[in-house]
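The residues making up each chain are set out below.
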Amino acid sequence: MAADVLLSVQGLTTVFDVGATPLVAVNDVSFDIRKGETLGLVGESGSGKSVTAYSLLRLVQPPGRIAGGRVVFQGRDLLTLPEKEMCGVRGAGIGLVFQEPMAALNPVMRVGRQIGESLVVHGLASSREARDRAIELLRAVKIVDPETRVDDYPHQLSGGMRQRVMLAVALACKPPLVIADEPTTALDVTVQAQILDLLREMKNTFDLSLLLITHDLGVIAEVADRVAVMYAGRIVEEGPVRTIFRAPAHPYTRGLLASIPHGRTGERLVAIDGVVPNLAHLPPGCAFAPRCASRLADCERAVPPEVRLADDHRARCVLHAATGAGADR
Amino acid sequence: MNAPLVEVRGLTKHFTRGGGLFQKGTVVKAVDGVSFSIDEGETFGLVGESGSGKSTTGRCMLRLVEPTSGEVRYAGEDVLAFSSSRMRAARRHMQMIFQDPYSSLNPRMKARDIVDEPLIIHKLGSKRERGDRVAELFRLVGLDPAHLDRYPHEFSGGQRQRIGLARALALEPKFIIADEPVSALDVSIQAQVVNLLMDLQERLQLTYLFIAHDLRLVRHICRRVAVMYLGRIVEMGDTEAIFANPAHPYTRALLSAIPVTDPDAPRQRIDLDPASVSRDAALVEVAPGHLAAVQ
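Which chain is which? The protein sequence lines are A and B, in order. Residues in the first sequence are numbered from -11 upward in steps of one, following my numbering. Residues in the second sequence are numbered from 50 upward in steps of one, following my numbering.
Worth flagging that the hints you see were computed from the coordinates, not collected in a lab. Just so you know, even glycine gets a beta-carbon here, dropped at the ideal spot from N, CA and C. Warning: the hint list may mix true and false statements.
As the list claims (entries may be wrong) - Derived Cβ-Cβ restraints for the label pairs, each shown as a range:
#: 1; chain 1: B; residue 1: 151; chain 2: A; residue 2: -7; range: 49 to 55 Å
#: 2; chain 1: A; residue 1: 272; chain 2: B; residue 2: 178; range: 41 to 47 Å
#: 3; chain 1: B; residue 1: 333; chain 2: A; residue 2: 91; range: 26 to 32 Å
#: 4; chain 1: A; residue 1: 91; chain 2: B; residue 2: 69; range: 42 to 48 Å
#: 5; chain 1: A; residue 1: 195; chain 2: B; residue 2: 318; range: 19 to 25 Å
#: 6; chain 1: A; residue 1: 50; chain 2: B; residue 2: 162; range: 52 to 58 Å
#: 7; chain 1: B; residue 1: 151; chain 2: A; residue 2: 6; range: 17 to 23 Å
#: 8; chain 1: A; residue 1: 195; chain 2: B; residue 2: 188; range: 46 to 52 Å
#: 9; chain 1: B; residue 1: 74; chain 2: A; residue 2: -7; range: 55 to 61 Å
#: 10; chain 1: A; residue 1: 24; chain 2: B; residue 2: 69; range: 35 to 41 Å
#: 11; chain 1: B; residue 1: 71; chain 2: A; residue 2: 50; range: 41 to 47 Å
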């Protein structure tokens, strides 16, 4: 493992025990996040991107359960850590920003206390210090008049301000890694742009690594250094953001990029045929094969191996099995 | 030139918030003097962020919400003057599809009954005729009639939006208001539904009012577009002209906020200075057919 790797996820598998056979929501997922880097995890609904995030923090609730793999963070495997130590990692080691700030913030608690709460819980500050620190954090996330806003309740804030507060909560203990799960999906496009600018700035100010989960490739292009594309529980392609946008290798990545509207009036959009598969009825081979225009006979037989196309670019597709530098496992 | 199919003039909807027995509430001008017209067979886009009044405008046009004042003309007739029975009859020609295919379909009704219901209400055809028509509508929107007896939860989001569309098309309307019809769907599915809307428009000669916040999408399917901000239209004209030369500060901010799907593209964010937006500025022609509320 390279020295600058902050988080290394290896073969993470999370299943949901419903019905006769468990549903595999996260299937043998591996990726690294280096210090100061932003990894964008992109996928459609049901791809397993959020379950991956919650698995890293061991926040998966029954009937979900982590069935295997390693999550090495700062040299420790989080999956084998006693729960008490894991509590020390959540918030202090890894901060989390949720999609819906209104649902994630406590409606009957002043925002200042919610921001300072983790400092007090982790024993990093007294209540009085925590309040001062909350004001500083509100200022850092560009909230006007933080001395007054610190005593507001969430409902008194706009959607964009609530998301800024969420970010302040996540940053309170200065964690080296922040996981942001669709942080701008519920926001208007002009507010989204402000929050993305803020995320970029916070990354530099706080020297953060960021795991950004989103379905929007536009957001990825704006913020991420590297991209991992998930489909039906697996990472089907991973590479530097430029490679993914300029030379996508997997037909699913190509389809996703093509389906973004960017043409002129009256042109038809490029759609991916079919529907996102149900995890309970996955095809035996490549999960994308039934929707894939480049499908070969082999695709439906077995899950294609992961092929390394370059040092920092891999894809799970038979189209590259012959051209790639060989399967990596 | 033919008269437009739909004409909206000075449409206004005020909501009163708060207030009590001895206290006057505050008036929220959700829609404030909105005017536009839509030609037959055209797709007209209504764009804005949450709270801009774009959805309320759509609802007022079908009188799902009663407007405070203004005029809505459909094929020359003032819809707002219709009696309630006349209005019900008129809704045969004007239908709406909604944003959230999860909450806009009755979860306890089978897909067949959801699509059949408008036919029953408008007393169209015998049971057998209606059954044939429902199957035909299912095929029209790209669904398999073998799934007619399924419930909404057994369909995916994109399929549910198709069911909503089949229901809207049941009465053979000429005009459809589509309120954020694809914003709840996955990207790969959005394109399918948008293509379907475009195909149906050609086949059935439909006229659309397309309400959306996604400017990339609007650029694709609308020939003309109106940008709404705080209840008013601040800019209106040919879509390409507005994208090429936005005249209003809000439109500029909105266009600059669209995420660019190119990691190397230069980013020039324009922030809106609310002080630069005059509430009183009237729409003036800044180029032929291109209006903006600038002084």
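Hint check:
no.: 1; hint: 151/B / -7/A: 49 to 55 Å; result: 40 Å, violated
no.: 2; hint: 272/A / 178/B: 41 to 47 Å; result: 44 Å, holds
no.: 3; hint: 333/B / 91/A: 26 to 32 Å; result: 44 Å, violated
no.: 4; hint: 91/A / 69/B: 42 to 48 Å; result: 31 Å, violated
no.: 5; hint: 195/A / 318/B: 19 to 25 Å; result: 24 Å, holds
no.: 6; hint: 50/A / 162/B: 52 to 58 Å; result: 36 Å, violated
no.: 7; hint: 151/B / 6/A: 17 to 23 Å; result: 20 Å, holds
no.: 8; hint: 195/A / 188/B: 46 to 52 Å; result: 58 Å, violated
no.: 9; hint: 74/B / -7/A: 55 to 61 Å; result: 59 Å, holds
no.: 10; hint: 24/A / 69/B: 35 to 41 Å; result: 56 Å, violated
no.: 11; hint: 71/B / 50/A: 41 to 47 Å; result: 55 Å, violated
Taken one by one, the earlier hints fail for this structure at numbers 1, 3, 4, 6, 8, 10, 11, listed in ascending order.
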